[in-house]
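If you read the sequences in order, they're chains A and B. Quick note: the first sequence uses my numbering, first residue 1050, plus one each step. Quick note: the second sequence uses my numbering, first residue 6, plus one each step.
There's no promise every hint is true.
Claimed, not checked - These stretches of chain B come out as covered by chain A in the derived footprint (C-beta under 8 Å, 3 or more residues): (1) 14-26; (2) 68-76; (3) 93-100; (4) 103-109.
Said to hold, decoys possible - Calculated pairs, SDA-like style, for lysine to any residue (alpha carbon to alpha carbon, straight line, at most 25 Å): (5) A:K1106 x B:K62; (6) A:K1106 x B:K101; (7) B:K41 x A:T1056; (8) B:K41 x A:P1146; (9) B:K41 x A:P1151; (10) B:K41 x A:G1089; (11) A:K1093 x B:A114; (12) B:K41 x A:M1068; (13) A:K1093 x B:D99; (14) A:K1093 x B:G46; (15) A:K1063 x A:G1149; (16) A:K1093 x B:F50; (17) A:K1093 x B:V49; (18) B:K101 x A:E1108; (19) B:K101 x A:R1126; (20) B:K61 x A:T1056; (21) B:K75 x A:G1089; (22) B:K101 x A:D1105; (23) B:K75 x A:G1149; (24) B:K62 x A:L1144; (25) B:K101 x A:G1107.
Think of the hints as simulated: they come from the structure by calculation, not from any bench. Since this is a predicted model, take the numbers as computed values, not measurements. Heads up, the beta-carbon is just placed ideally off N, CA and C, and yes, glycines get one too.
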Amino acid sequence: NAGVTQTPKFRILKIGQSMTLQCTQDMNHNYMYWYRQDPGMGLKLIYYSVGAGITDKGEVPNGYNVSRSTTEDFPLRLELAAPSQTSVYFCASSLGPHGGQPQHFGDGTRLSIL
Amino acid sequence: GQQVMQIPQYQHVQEGEDFTTYCNSSTTLSNIQWYKQRPGGHPVFLIQLVKSGEVKKQKRLTFQFGEAKKNSSLHITATQTTDVGTYFCAGYNDYKLSFGAGTTVTVRA
């Protein structure tokens, strides 16, 4: 049972480059989320989706974009990478609305912008 | 906006001892969740508390939700090396789930 799968696990980008962080889940969850985790700062919500075709901004959406064409996939796009985007990125999913149901997290993508 | 604060930020515990970590919200919460993240790992859901004054136990872990639903605590008895990691609380209100910064626990054998 795979759960939430994120790729890649590690990546180094140069300033100004773009990339897509992939996230897929096999639990048929409608709700999916992207968080970033900086040292000592907890988890900050970037974007979330309540179902295929529906996305919305979280606390820190600037510099990111998302799409949700299927229930399973929720990719996160970084355009024009900046050093401030160096972080660990976690994708998560839940059966119901966040806060009402447990969230299942992927293993994370560790991203460095140099 | 809603803020969730956890204290202490770091907890160094002698193996076998007990400790408590606290979570405080600036607003009344609908519910609160607790997660554990092992070093280098991802957050894993532990428990959800919904009712005022609710107490739930998982083996050596005791979770409590305050009467006013603005605070919560996690108490671990007889700490073991397997308890190492960062414990996050996440408070839910008004369609927003806010994570605290976490309490990072280290254990001295």
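(request) Starting from the hint list further up, note which numbers the structure goes against and sort them upward. (result) Going through the list in order, the structure violates hints 1, 2, 5, 11, 12, 15, 20 and respects the others.
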